[in-house]
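*Asks:* Chains as they are written, first to last, in this note's numbering: chain A, 1 to 272; chain B, 1 to 454.
Since the hints were derived computationally from the structure, they do not count as laboratory data. Hints are supplied without guarantee of correctness; some may be wrong.
[To be verified] Here are a few chain A residues that sit away from chain B, every Cβ distance over 12 Å (derived from the structure):
hint : residue
1    : Ala41
2    : Gly112
3    : Val137
4    : Gly203
5    : Ala204
6    : Gly210
[Said to hold, decoys possible] Sample of chain B residues facing chain A (criterion: CB under 7 Å; computed from the structure):
hint : residue
7    : Phe51
8    : Ser133
9    : Arg134
10   : Phe246
All C-beta atoms, glycine included, are put in the ideal place defined by N, C-alpha and C.
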Amino acid sequence: MSTPAPPQPPARPRLGVFKFASCDGCQLTLLDCEDELLGIAAELEIAHFLEASSEPVPGPYDLVLVEGSVSTPEHVERIRRIRADARHLVTIGACATAGGVQALRNYADVDGYLATVYARPEYIETLATSTPISAHVPVDFELRGCPIDRGQLVEVITAFLAGRKPAIPNHSVCFSCKRRGNVCVTVAHGTPCLGPVTHAGCGALCPTYGRGCYGCFGPAGTTNLPALVPLMQRDGMSEEDIGRYLHTFNVTAFTAVEEQGQPGTTEAEGPG
Amino acid sequence: MSDPTPRSQELRIPSLARVEGETALHLRIHHGTVIEARLKIYEPPRFFEAFLRGRAHTEPPDLTSRICGICPVAYQMSACRAVEDACGVVVDGQLAALRRLLYCGEWIESQTLHIHMLHAPDFLGEDDVIGLSRSHPEHVKRGLRLKQTGNAVVELLGGRAIHPVNVRLGGFHRAPTRAELRPLEERLRTALDDAWDTVRWVAGFEFPDAECEADLLALAEEDTYAIESGVPTVLRYGGTLPPHSFPLRDFTDHVAEEQVSHSTALHSRLDGRRHLTGSLARWAVSGHLLSPLALQAAREAGLGAPPSRADGGRGEVCRNPYRSILVRAVEVLYAVEEALRIIAEYERPARPYVEVPARAGTGHGATEAPRGLLYHRYVFDGGGRVTEACIVPPTAQNQGAIEEDLRRLVQAGLDRGEGSEAELSRLCERAVRNHDPCISCSAHFLELDIERTH
Chain A
1 MSTPAPPQPP
11 ARPRLGVFKF
21 ASCDGCQLTL
31 LDCEDELLGI
41 AAELEIAHFL
51 EASSEPVPGP
61 YDLVLVEGSV
71 STPEHVERIR
81 RIRADARHLV
91 TIGACATAGG
101 VQALRNYADV
111 DGYLATVYAR
121 PEYIETLATS
131 TPISAHVPVD
141 FELRGCPIDR
151 GQLVEVITAF
161 LAGRKPAIPN
171 HSVCFSCKRR
181 GNVCVTVAHG
191 TPCLGPVTHA
201 GCGALCPTYG
211 RGCYGCFGPA
221 GTTNLPALVP
231 LMQRDGMSEE
241 DIGRYLHTFN
251 VTAFTAVEEQ
261 GQPGTTEAEG
271 PG
Chain B
1 MSDPTPRSQE
11 LRIPSLARVE
21 GETALHLRIH
31 HGTVIEARLK
41 IYEPPRFFEA
51 FLRGRAHTEP
61 PDLTSRICGI
71 CPVAYQMSAC
81 RAVEDACGVV
91 VDGQLAALRR
101 LLYCGEWIES
111 QTLHIHMLHA
121 PDFLGEDDVI
131 GLSRSHPEHV
141 KRGLRLKQTG
151 NAVVELLGGR
161 AIHPVNVRLG
171 GFHRAPTRAE
181 LRPLEERLRT
191 ALDDAWDTVR
201 WVAGFEFPDA
211 ECEADLLALA
221 EEDTYAIESG
231 VPTVLRYGGT
241 LPPHSFPLRD
251 FTDHVAEEQV
261 SHSTALHSRL
271 DGRRHLTGSL
281 ARWAVSGHLL
291 SPLALQAARE
301 AGLGAPPSRA
311 DGGRGEVCRN
321 PYRSILVRAV
331 EVLYAVEEAL
341 RIIAEYERPA
351 RPYVEVPARA
361 GTGHGATEAP
371 RGLLYHRYVF
381 DGGGRVTEAC
391 IVPPTAQNQG
401 AIEEDLRRLV
411 QAGLDRGEGS
421 EAELSRLCER
431 AVRNHDPCIS
441 CSAHFLELDI
451 ERTH
């Protein structure tokens with residue numbers, strides 16, 4: 001009589017974390033989840049996370065987090081391979097969802113940029129643009145922020161494990177500011193603030209510290225930029241100042257708002 | 001002349017992990033001799049120095065923090081110092097103390113991250129911190145707690161741990177009250193014990209023999225362990241003490257960047273020689289200015305007493321890159337102590353910042369990022385717009401020394417008969433991680449190519 005094999009524990013979903021052009025800050029956010037990190041590792045098999053582990057496991061992966069923008073010819077190929085290996089793909093941060101700060105090149109002469117930084121530009125392989133992941137492959141969910149918020153990241157992972165859509169509100173920073181009990185920096189102090197048009201998620205940090213929001217989470221779901229611009233001009237900003245303010249960490253997304261009145265990146269659906 | 005084109009073999013080895021950012025390594029081995037070890041840093045260029053041009057003088061701190069998510073405070077502090085230098089403003093008193101406190105927070109969390117999550121697994125035969133949490137749970141829990149305390153300091157002062165929002169030219173948007181800082185004290189007192197325990201823990205590791213043959217470069221101050229300011233100071237390899245200094249404004253006359261075909265990160269040389277910045281360099285140049293407690297911890301950890309002018313430079317310089325983890329642990333202890341001292345002496349300044357009016361000029365700024373000296377230079381026009389920016393990160397400076405380390409290690413490995421991909425890869429990974437390179441500052445994508453010719 002043969003002994004039946006002992007029951008195997010159910011396989012944990014496999015997590016892959018991948019990096020494109022970026023500062024590493026959004027994937028570091030995962031390591032900054034000190035209280036949750038070991039719990040996350042118990043629920044998910046961390047199969048590919050080069051910043052943290054030296055034994056990457058090949059795909060497929062159940063959940064893939066992608067940081068960074070597509071900025072080289074090699075990136076274009078690599079994101080397709082990763083997508084093919086990913087059951088569920090979530091972009092994390094402004095680079096992956098809007099091209100990031102390096103997308104400033106999209107509005108400049110890249111050859112001029114190369115010559116500014118490198119004595120031998122011919123050694124450098126780069127695209128003339130820095131584009132979000134969604135410009136190349138379908139994305140299941142986009143988490144905003146430069147950097148992303150730790151609490152929102154934990155929510156995205158929790159929602160994935162529970163098989164539901166992440167509860168990430170699409171409203172503006174103003175909502176968070178009110179909830180936090182802040183006095184409005186624009187109304188009370190005449191401080192220019194992008195809060196009314198910026199996606200919530202940071203917890204209204206800048207107004208809490210007495211400065212105006214500088215838009216690092218990109219545009220909110222619905223915005224009224226034309227109404228905000230005169231207010232910022234009233235508070236002393238020139239048109240050029242406002243342009244630079246909008247054209248920094250989420251330059252492509254705010255440009256889309258300026259041109260079309262709506263955010264350029266898609267608000268993707270959560271897991272089914 | 002004809003190329004003999006010997007049979008060459010190209011081997012690919014799994015990506016080098018547990019470094020911040022990604023890069024590749026190319027080894028050329030001919031008849032069992034390492035001809036060349038090159039770190040291939042494939043940074044997709046992000047063009048910071050280019051797009052800073054035309055920006056207002058207030059913008060470099062927030063913008064350059066995005067160069068690195070691991071040490072954003074270092075970028076903010078070097079940028080502030082450079083702009084303020086150009087504008088003729090000196091930030092001192094409690095505002096300077098708050099900046100040092102913020103920087104201590106980054107040192108605590110970043111050095112702790114490196115020690116526990118990236119470096120210690122090498123000494124204990126684990127692949128990562130998750131494996132380590134199974135074999136050494138108490139050490140990982142302590143590391144996470146310590147890192148969290150560092151983050152708490154940065155979050156309280158800066159709003160968030162990555163890309164803090166509260167830093168501005170001349171100081172801060174908002175200065176905390178004494179009462180707001182108080183909860184940090186309790187955590188930092190626990191962290192002091194944790195930091196001591198970390199020093200004792202890493203002191204028990206087994207350290208292979210190695211020596212980094214490079215000049216050491218760190219900032220130095222007269223009377224304090226340099227973190228957020230100082231004068232570039234060099235201890236030559238094989239040279240005699242005391243180290244010599246040069247003015248910060250001459251930095252790029254001494255540390256020259258050159259571009260090489262195999263890497264998008266610029267290589268730096270110090271007066272034409274290989275040099276190393278970071279913990280080992282700081283210990284050599286100003287270790288004697290650490291606190292008595294940190295020096296006691298260093299002695300217990302086997303680092304001996306650092307050289308000082310008082311003892312005629314007879315102290316010990318540590319050149320073994322494996323032992324850099326000891327110096328990092330001692331620096332964490334020191335940073336915790338400094339944070340406690342600054343909080344105890346803190347009085348809220350009347351204003352959170354001093355005005356920094358724009359003017360035409362050139363400014364230089366350098367601070368000690370956890371990984372080493374980080375230099376910024378900006379040139380401004382009369383309207384306060386950036387016309388030129390130059391940023392020299394520590395990893396670009398350390399690259400030459402890391403490559404030399406790799407060449408020697410692989411050679412020694414080959415001489416011992418360890419020639420398999422897996423063995424060489426393991427050796428190289430350890431050697432690179434010893435230096436805690438922050439490759440996101442300059443780089444992308446690490447995998448190992450071995451080209452063998454026979």
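*Asks:* Could you run down the list of hints and mark each one as holding or not?
*Replies:* Right, here's what the structure says about each hint:
Chain B draws A:Ala41 into its interface by the beta-carbon criterion, the shortest separation being 5 Å against a cut-off of 12 Å. Consistency note on A:Gly112: stated as away from chain B, yet its beta-carbon is not over 12 Å from all of that chain's, at 7 Å minimum. A:Val137, annotated as away from the interface, keeps every beta carbon of chain B farther than 12 Å; the closest lies near 17 Å. Under the 12 Å C-beta cut-off, the non-interface status given to A:Gly203 relative to chain B is violated; the minimum distance is some 9 Å.
The beta carbon of A:Ala204 is not kept farther than 12 Å from every beta carbon of chain B, the shortest such distance being approximately 10 Å. The beta carbon of A:Gly210 is not kept farther than 12 Å from every beta carbon of chain B, the shortest such distance being approximately 4 Å. Checking B:Phe51 against chain A by beta carbon gives a least distance of about 4 Å; that is within 7 Å, so the hint holds. Restraint check, B:Ser133 versus chain A: the minimum CB separation of about 6 Å is within 7 Å; hint holds.
Of the supplied interface hints, the one on B:Arg134 is violated, with its beta-carbon coming no nearer than about 10 Å to a beta-carbon of chain A, more than 7 Å. Interface restraint check for B:Phe246: the shortest CB-CB distance to chain A comes to about 24 Å, outside 7 Å, so the restraint is violated.
Of the hints listed earlier, those the structure fails to meet are numbers 1, 2, 4, 5, 6, 9 and 10, in rising order.
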